[in-house]
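If you read the sequences in order, they're chains U, H, D and E.
Throughout the first sequence, residue numbering follows the numbering used here, covering 46 to 360 in sequence.
Throughout the second sequence, residue numbering follows the numbering used here, covering 487 to 702 in sequence.
Throughout the third sequence, residue numbering follows the numbering used here, covering 117 to 247 in sequence.
Throughout the fourth sequence, residue numbering follows the numbering used here, covering 121 to 785 in sequence.
Hints are computed from structural coordinates only; laboratory data are not their basis.
Be careful, since some hints might not be right.
With beta-carbon atoms standing in for the labels, derived distance ranges [unchecked claim]:
#1 D:N134 / U:L253: 43 to 51 Å
#2 H:F626 / E:Y772: 52 to 60 Å
#3 D:S179 / E:D705: 52 to 60 Å
#4 D:N134 / E:S686: 26 to 34 Å
#5 H:L579 / E:G532: 35 to 43 Å
#6 E:T609 / H:E539: 52 to 60 Å
#7 E:R702 / H:F626: 25 to 33 Å
Even for Gly, the Cβ is constructed at its ideal location relative to N, Cα and C.
Residues per chain, in single letters:
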Amino acid sequence: MNLASLLVGAVQLALVVLGGPLLLGLMRVVRSRLEGRVGPPVSQPWRDIAKLARKQRTRPSESSWIFAVAPLVLVATAATVAVLAPLVTLAPPLASSTDFIAVIFVLLVGSVALALAALDTATAFGGMGASRALTIGALVEPALLVAVLALSMPLHSTNLIAIVANGSRHASTLLGPSHLLALCSFIVVILAESGRLPVDNPSTHLELTMIYEALILEYSGPDLAAVTLGESMRLAIWLGLFVNLVAPVGIAATAHPLALVVGLVALTLKVVVVGIVVAIFEVTTAKLRLFRLPELLAGGFILAVLGVVTGAVMR
Amino acid sequence: MSAFANSLASAAVVVTVGAVVVLWRHRLRSIVAALSVQGVALAATAALLGIHEHDRGLLAVAGLVLLVKAAVVPGLLARVVAANPGARESDPLVNVPASLVVAGLLTLGAFVAARPIVALVGGPTGRLVPLGLATVLIGFFAMVARRRAMSQVVGLLLVDNGIALVAFLVTSGVPVIVEFGSTLDVLFGVVVLRVLLARLSAAGFSDLDQLRSLHD
Amino acid sequence: MNLRHSLQLRHVDAGSCNGCEIEIGSVFGPVYDAERIGARLVASPRHADALLVTGPVTHNMASPLERTYLAMPEPRLVIALGDCARDCGVFSGGYAVAGAVADVVPVDLEIPGCPPHPDEIVSALRRFTNR
Amino acid sequence: MIVLALVAGLGVLATLTALVPRAVRVKLVAGLLGLVEIVGGATAIRVLATNHAIVGHTSSLVPFTGVRIDLTPLGALFTLTTAVVAIAATIHWVGYRRHAMSSVSLSSAFALFVTSLLLVPAAGDIVTFLVLWEVMALSSLVLVAHDHAKRDETRQAAWWYGAMTQGGAALITLGLVVLGGHAANPSFSAIAASASHLPAATRGAVFLVLLVGFGSKAGLVPAHVWLPRAHAEAPAPASALLSGAMVNLGIYGIVLARTLLGVGATWWWLVAGFFGVISALYGSLYAATSTDLKRLLAYSTSDNMGLVVIGLSASGLFAAHNAAASSLALIATLVLVTAHALYKSTLFLGAGSVQYATDERDLDRLGGLARTMPVTTAVIVVGALAVAALPPLNGFGAEWLVVQSLVHGLSGADPVTTVATAVFVAALALTGGLTIVAFVKAVGVGFLGRARSESAEHAREVPVSMRIAPAITAAACVALGVAPGLAITAISRASDAVAPNRSGLTATLSGFHLQALRSAVDPLALALGAVAAALVVAGLRRAGGPRTGAKLRVFEPWGSGRAVTSARMQYTATSFAEPLQRVFDDVLAPQHDLDVSHVLESRYYVERVAYASANDDIVERRLYRPVLALAAVLGVRARGLANGSVHRYLAYGFVVLVIALVVVS
């Protein structure tokens, strides 16, 4: 880990922190336009965060330190991943230990913290959200890890940088059916993990249909700002990883400033495109009932299994 | 990995995924659509093999497969569905998540079971045989696990498509005439089944388990 | 208070005839689209900057209204929407009515009308969002 | 040799010391036991540090064969793990004594149990092994049955445990005796040398017998039924030992079978892997749906042992084609075993503290303990995050290594192994997800929110020794999590004793590095990065807030405008697990019972609605109950044979004698 790679990590972190809420804003704008509305400005989530930061924090009387710590954990884990993951560049700090599974589990720490905090509020909604979010999380896990297994097959390594670098060097890997199947399964995983339609409706006001929103009903002020920021960072990270697994075009192979600029622009463009696609998909889809979700997730799982089988067959 | 190997594998994978989608979706329209996509992929497999081996006969078979399995047969079934466009496989005997897990296990099983064939044929074609075998197994399972008569017909066609895929991959095209014959057989079978289906639904049966009442 | 172009609203129906609710619905619909000025309805008073109250306050809703107000983080605003919220309107003196919104929680802004036109609601909200 | 004799001697002394008067008993026994544990642990550390086994033989003590000691690095790792867990359990015991744990029989059983646990891995021949194994089994049975006079559940647990453990021991004896008979020598080293001359079928049969025997000790499904009962009913220090040390010895036994028999055929490990997968999924599913804290922990033990066996199977399967992945899988397994010992004993000791403070094990009657029992809660949170395999705790490193071995094992694998590996990964993943559900539920419902019962509301933090004990193991979880390098040398030496390490695994103090396989992970860096980021965000949060007025306000929870005054408005453990229970309805087949009674005057008015749902162990219900019922029926039938006539009994004896003579001739 040298100074240059730390700098690169800082660039990635800054991009994810600044860009996460903007991505969320962009998706809301696309949604509004498709609904025939002008919609909020793209910067609206940032305006909300800035305002929330100047409001009062509230804490339910029954809660403990878990409630206070969870938003910090959520943002901190997302920030850690933002620094380490191959988003803008293939040379982030600690490149040799940027492991796919580690990335997944670090993000998982944030989800678990939020679920515990929701149970800590002693409200029915919090428990409901935690129960549903974790049930989905548990059912997503097989699809996710088997997809990772399929992605790791060409190199027999789960090092995320190595996987992305291999894709950028050998385009034929990217077009291999095993890789494509794993990525299809990855889409299901991302929709579920980041609480987008058809898994969860991020703009619902009905408590009884909520999944992820129900977790954070008790947060206010700076806490809510942190949670909003953390969630949007996670969305940006998932989409960023996805686009780099699909098409690692333009990703900076070194920490050279020019390459970094190219990488920055390329990543932004790719994530914007995918974000728009996801938003369009969301407008055209209805939310699935909670008990239909296992069907979707099992579908993701079997795509990943097919990916592994195809990968093994093609060897 | 050559472009040929990659695209051949992709086409074969789409055939298997088509079978999975039949288990995955509830709407009969989607199921028939999946069958059609599978037909296209099957034709693509044949066409790729034909191009690769400069075999005109195989290209002709590809054309026939495209016509029959991607257009005519799904078209016939789609007309049955059109009578009742919202028809769904709403309560299958084995629920969807469990079916999909079973499909996964069948695919893994096919991979193990196809070892001797893969060893015998080898090469970029022979190694894809497990995918065809998986399609056959999933098709059989769809017939067992689904209630609607339409799903059963589709299951049968999945089995047939799977066998066709294996045949293409193993022999790089059975003698053209055999393939012609079997494809036309399928067409004939579907026509008969289509008539039967229309009769059944006219008589008010859609769930095959209801046919048991005829026995009593 | 400068809300910097961001105004989260928690809506409480304190006993309204639902006329105002219909107008609120169209405020956030395609025609008037209050989201473009940075206003948004939220699911929890903890997330809200302003309480959007409709209807006269009935006896049953007086305590929930007050709790909702107290549950909001400071600084907080209350908007009384419609004539009933301002002075109980036609329900004034009804046996179920506890009083106007101002009798239960401190009101910062009143939007008159029965029901108020969506335009008026949007322009009232603009006074907070400065857009 | 001498030190091990010292351990045994002190252990026996501690057992006898239980006879001293009650006033000083616990302190004296605990002191002596502490000495036993420290000496045992130190011996194990010496073996691991020098990489030299302690070997010895004395012809006294046991007739014919004597006692043979052979503490290899592998055994030493298990002894060391046991020693750490036992130290914590003993400290906890000192505080726990109010709960009738200070009686003569229980004190001596506890001492004997700890001593035998420490010594089983040091056994160098069949007889020594089996004798120690039986001592361990019987002394733990006494502990499980501690409350048998008062509680029916305890009696049941003791019956199940006794029957299962003796059945397992019988199988182990059978398997080992076959091997020893062939080698004509009871020592393990002689058996290992001669077992390769056995016919393949015999070796396979012996492996299966040993797998089932040791598997029942490790709590593998379907031989797990004793586990949720025994672990739940035993007093906390004993549960910690059962789950943190004794089940490990079941795993030790399976590894021992591998060292004795060699890697063997593929099908061995497919069978083992099958049981591993079933145990992992079944255990985690029941853990996720249990509402009893200690049952939940027990099922989770079953699940973790399943994962361990998955790792062992992967190691066996990969041995033929990929030595690197095979040895990595073995190391990963041992890392997982030690990690499990630490976090599970933390959790059991913490659960014991909760039971001590509230007299409750039911999650739905706990809650709110984060404020009344902060230390215990913090300890439980660490244990729960570790068992959920979240970084930077030790469970994460273990699970990461297992996944790595599976990923690398795919390289060069034949279709059968590939399929097995894919199934292993899927099982591992689903298990991981379900474990998170289980432990978020355990912590969230059991410790956070509002107290759900009087006793939980008035809970007081437990005595200091009971706070220290789980804190020791929790600290070890954190330490080995962020600095896995501390233990990896010892663990790879232990695995070297079974199969040489070819994985190229090196561990710096802060992480695992697999140079040859281009994978690495660095929990310390992750933790430091996250903590730094969290501090920055905390600073920003502090800087934010309104210019005027209070920055933080404590207010009642939001109940949609209603005053939330009742703890019953919270989600319960049952409701928390309800979505999962519905998803896995076909597997769990829970029993629902809805009883609606109407008022006399009209059917349209309901007087009372009673709803009961039971989620009892389906293996027990569908597999064991019918068999037991059949046995009971046969027993009743057999009663006809015994009608009290002495002549008839003599006739039976005569017939048997005649048959025996015929058979012999």
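Open item on the list: Within 52 to 60 Å: is that where the Cβ-Cβ distance between F626 of chain H and Y772 of chain E falls?
Closed with: At 57 Å between Cβs, range holds.
TODO: Hint says 26 to 34 Å; check whether the CB-CB distance for N134 of chain D and S686 of chain E agrees.
DONE: holds, 31 Å
Open item on the list: Taking 25 to 33 Å as the stated bounds, is the beta-carbon spacing between R702 of chain E and F626 of chain H within them?
Closed with: Given about 29 Å between the Cβ atoms, the range holds.
Open item on the list: Holds or violated: the 43 to 51 Å window for the beta-carbon distance between N134 of chain D and L253 of chain U?
Closed with: violated, 21 Å
Open item on the list: Taking the Cβ atom of T609 of chain E and the Cβ atom of E539 of chain H, is their distance within the range 52 to 60 Å?
Closed with: holds, 58 Å
- [ ] Using the Cβ atoms, figure out if S179 of chain D sits within 52 to 60 Å of D705 of chain E.
- [x] violated, 41 Å
Task: L579 of chain H versus G532 of chain E beta-carbon gap, inside 35 to 43 Å or not - done: holds, 40 Å
Checked against the numbered hints above, the structure violates hints 1, 3; every other hint is satisfied.
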